[in-house]
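The listed protein sequences derive, respectively, from chains E and R. If you're matching positions, the first sequence starts at 7 in the working numbering and goes up one per residue. If you're matching positions, the second sequence starts at 7 in the working numbering and goes up one per residue.
Because the hints were derived from the structure by calculation, they are not lab data. The reader is advised that the hints may include incorrect statements.
Just so you know, same-sequence chains aren't split out, so a pair can sit in one copy or run between any two.
To be verified - Simulated pairs of lysine-lysine, BS3-like, Cα-Cα distance not exceeding 25 Å:
#1 Lys390 with Lys343
#2 Lys162 with Lys390
#3 Lys304 with Lys240
#4 Lys304 with Lys229
#5 Lys229 with Lys183
#6 Lys148 with Lys343
#7 Lys95 with Lys148
#8 Lys245 with Lys204
#9 Lys291 with Lys240
#10 Lys154 with Lys390
2 protein chains.
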Amino acid sequence: MFRKLMTLEEAQRTIQTYFRPAFVGEEEVVLLEAYNRVLNIDVVSALDIPPFNRSTMDGYAVRAEDTFGADENQPANLKVTGSVNIGEKPTVTVAKGEAVEIVTGAPIPEGADAVVMIEDTEREDDELHVFVAVNANENVMKKGSDIKKGATILKKGQVLSSSEIGVLAALGLTTAKVIRIPMIAVLSTGGEVTDPGKPLPEGKIYDINAFSISTAVIESGGKPIYFGAVPDDKAALTKALQTAVASADMVITSGGVSVGPRDYTPQIVDSLGKPGVVINGIAVKPGKPTTLGFVGDKPVFSLPGHPTSALLIYYLLARPMVQRLAGKPVSGMKMVKAFAGARMFSAKGRRTFVMVNLEFDTECRLIAQPVESGASGAITTLAKADGFVEIAENEQFVDANQEVAVALLKSAKGSV
Amino acid sequence: MFRKLMTLEEAQRTIQTYFRPAFVGEEEVVLLEAYNRVLNIDVVSALDIPPFNRSTMDGYAVRAEDTFGADENQPANLKVTGSVNIGEKPTVTVAKGEAVEIVTGAPIPEGADAVVMIEDTEREDDELHVFVAVNANENVMKKGSDIKKGATILKKGQVLSSSEIGVLAALGLTTAKVIRIPMIAVLSTGGEVTDPGKPLPEGKIYDINAFSISTAVIESGGKPIYFGAVPDDKAALTKALQTAVASADMVITSGGVSVGPRDYTPQIVDSLGKPGVVINGIAVKPGKPTTLGFVGDKPVFSLPGHPTSALLIYYLLARPMVQRLAGKPVSGMKMVKAFAGARMFSAKGRRTFVMVNLEFDTECRLIAQPVESGASGAITTLAKADGFVEIAENEQFVDANQEVAVALLKSAKGSV
Chain E
7 MFRKLMTLEE
17 AQRTIQTYFR
27 PAFVGEEEVV
37 LLEAYNRVLN
47 IDVVSALDIP
57 PFNRSTMDGY
67 AVRAEDTFGA
77 DENQPANLKV
87 TGSVNIGEKP
97 TVTVAKGEAV
107 EIVTGAPIPE
117 GADAVVMIED
127 TEREDDELHV
137 FVAVNANENV
147 MKKGSDIKKG
157 ATILKKGQVL
167 SSSEIGVLAA
177 LGLTTAKVIR
187 IPMIAVLSTG
197 GEVTDPGKPL
207 PEGKIYDINA
217 FSISTAVIES
227 GGKPIYFGAV
237 PDDKAALTKA
247 LQTAVASADM
257 VITSGGVSVG
267 PRDYTPQIVD
277 SLGKPGVVIN
287 GIAVKPGKPT
297 TLGFVGDKPV
307 FSLPGHPTSA
317 LLIYYLLARP
327 MVQRLAGKPV
337 SGMKMVKAFA
347 GARMFSAKGR
357 RTFVMVNLEF
367 DTECRLIAQP
377 VESGASGAIT
387 TLAKADGFVE
397 IAENEQFVDA
407 NQEVAVALLK
417 SAKGSV
Chain R
7 MFRKLMTLEE
17 AQRTIQTYFR
27 PAFVGEEEVV
37 LLEAYNRVLN
47 IDVVSALDIP
57 PFNRSTMDGY
67 AVRAEDTFGA
77 DENQPANLKV
87 TGSVNIGEKP
97 TVTVAKGEAV
107 EIVTGAPIPE
117 GADAVVMIED
127 TEREDDELHV
137 FVAVNANENV
147 MKKGSDIKKG
157 ATILKKGQVL
167 SSSEIGVLAA
177 LGLTTAKVIR
187 IPMIAVLSTG
197 GEVTDPGKPL
207 PEGKIYDINA
217 FSISTAVIES
227 GGKPIYFGAV
237 PDDKAALTKA
247 LQTAVASADM
257 VITSGGVSVG
267 PRDYTPQIVD
277 SLGKPGVVIN
287 GIAVKPGKPT
297 TLGFVGDKPV
307 FSLPGHPTSA
317 LLIYYLLARP
327 MVQRLAGKPV
337 SGMKMVKAFA
347 GARMFSAKGR
357 RTFVMVNLEF
367 DTECRLIAQP
377 VESGASGAIT
387 TLAKADGFVE
397 IAENEQFVDA
407 NQEVAVALLK
417 SAKGSV
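Just chain E, with the same shape it has in the complex:
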């Protein structure tokens, strides 16, 4: 039975059409655990910063008008009546003809409106000679001049990096209201896979995808709910998918390393609710058996079974969905330029992705060496593939030494 497969772009448009990311909720976290989270509120400053007029220099707080006309030859002569320490409320005031010792960052005492730098003065006991004139507000940082009370400093939707967390602390806050981390159920199907950590029954292999995809989910800003390998019968898979849809914000399944005739997932998704399956196979290699359905607004994304294919399709199509649920900006794949280490062929009429390993050659050129792919080396491929080269449907091959763009699967190699 012939069925025309969607192109990758048609699949992306289908996701645009059907995917309405639900708001997953808000939680309050302490600042030291807020890294990489997404603000769910506009942050308004409850205080003026600085909260008082501050000196920006070491010197003397004075009344500016007392220094008018002063110069090297005709210093203004003032009387030092005390000092202001940093971090303390001034206990002195400055009257006409007086000066008060002050350090950078300390509050300007009442009566004063400027600071004379220590370099511009000479002092004998409590007598101060000022050799320059200062204007009102000179060397003074006015209350609220950095941030005004009531000003919006950070916006809803901002991702919290070290800078933003510093800003929140500056406002006196110790917590932030952020978007809850979306829960992503991750489960593996296929009769031959079994959970690691138990003895391996004869005829089975250990499940890879529940672990690699869960980790990729963490990297994307989601929290995986580990369902592991689900037994290969329709009732068990139906139950697992029902539980997953009920408990998570999104469900990601993957086939076993080999997808046999018994992949029930699409028909179960169709049976669980509308609109059901909206993508059923894509014209890409690898990744053809990719499907996506929705049960209400809950996406159920089914990745191919081969581990590198599963990661590839995750990064291309599923990661943007997890990022949108997390409220994060959708990031493109990190790309590096390299030279093809060998000719790489495309699959006729399908967008082809060739897994490559990146190494520098003796001339320090970055070489993208195709990794032996296919069923014959699932683990070897997974261990070696740093990224992939994309070949368009209408291209036959990429030639050796041709410059290629490599999309990186491993952030650790991002620095190559």
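Given the coordinates of chain E, work out where chain R should sit on it, guided by the hints.
Using the frame of chain E, we list chain R on its own:
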């Protein structure tokens, strides 16, 4: 008193000379929490993968010699004696003249040495006509052909991304032995700073750096130990530094927003142990008051007090130290190309870093707009600075519209 300041490169060489990152220890973590951790052992496979000869096709397991000479006109005629399911130990064997139904991924039953694809056969009841000859091992993935038992699959020092965690699961493992996360004590000094979350005493401002630097430590692969703002007296600071050195793998301090005359940190570090202070001021702007000392092999890094300056120096000099303690590859700063939005001046004879905000203009050119810096806008600068432009000591300025490389302070903007 004149003291020649180190250049940034001299400071980097000094770190190379004195910093011998201690091994911080090993711990065992479950795979689902192993993302971004660093392997502390070579991982050797305890099993052959696949653990049995597997079929790579749907079809029939046969003895290859029974098909020799078969073609479209002269099929080999075999008797179907049973079937092998995926994920199950075969209960049948294949004798001369026999065939057994098999699916992709299922184990090859005893006696058989090849698989004939279903497309190359015709079946009537238990009689099978095979229209091609297959060689021994055709359509069979041999036991151990992906990974041999005893082979080293992952190496000590590898950072665990989704791929490597998938590989560990494939080997049947549920945990990984990784390098412990280095503990980094983070404390703020300066008489004017106080911890957020409490009412603000008059004359004080809230501490920023303990939070922004702690977050940057997390981003670098370290675990911050929050000491907060330490009171501005020598005894209290000595005690805090002693505790920090004793309990952490590295200590990072920062001055208050303004560094007054009372910065005791270097002399306390000198008093705590050898070799003491090895960097005391750098000819960069901002960042001049940077110091680094060692108490034994424990680094005590003192950042400037201004929040963006502290982050800048952290990224330039301290982050590589945290990454090395974590066993991670030292990453350079992420750079983007942009056009200067205004002329930016350098400070005479000092390497100058100008904080910039990145925005696209109406022609979709990425513009690096200098952010008003200095004491007058600590929080504004922190909130707005996406990165910085470096100006060499011998350059006077970077002109408006000149192409510049911007080092990114916020990973979230990495996708611009």
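Outcome of the hint check:
no. : hint               : result
1   : Lys390 with Lys343 : within (18 Å within a copy, 31 Å between copies)
2   : Lys162 with Lys390 : between (40 Å within a copy, 15 Å between copies)
3   : Lys304 with Lys240 : within (21 Å within a copy, 59 Å between copies)
4   : Lys304 with Lys229 : within (16 Å within a copy, 35 Å between copies)
5   : Lys229 with Lys183 : both (18 Å within a copy, 22 Å between copies)
6   : Lys148 with Lys343 : neither (50 Å within a copy, 36 Å between copies)
7   : Lys95 with Lys148  : within (16 Å within a copy, 80 Å between copies)
8   : Lys245 with Lys204 : within (23 Å within a copy, 50 Å between copies)
9   : Lys291 with Lys240 : neither (28 Å within a copy, 67 Å between copies)
10  : Lys154 with Lys390 : between (54 Å within a copy, 16 Å between copies)
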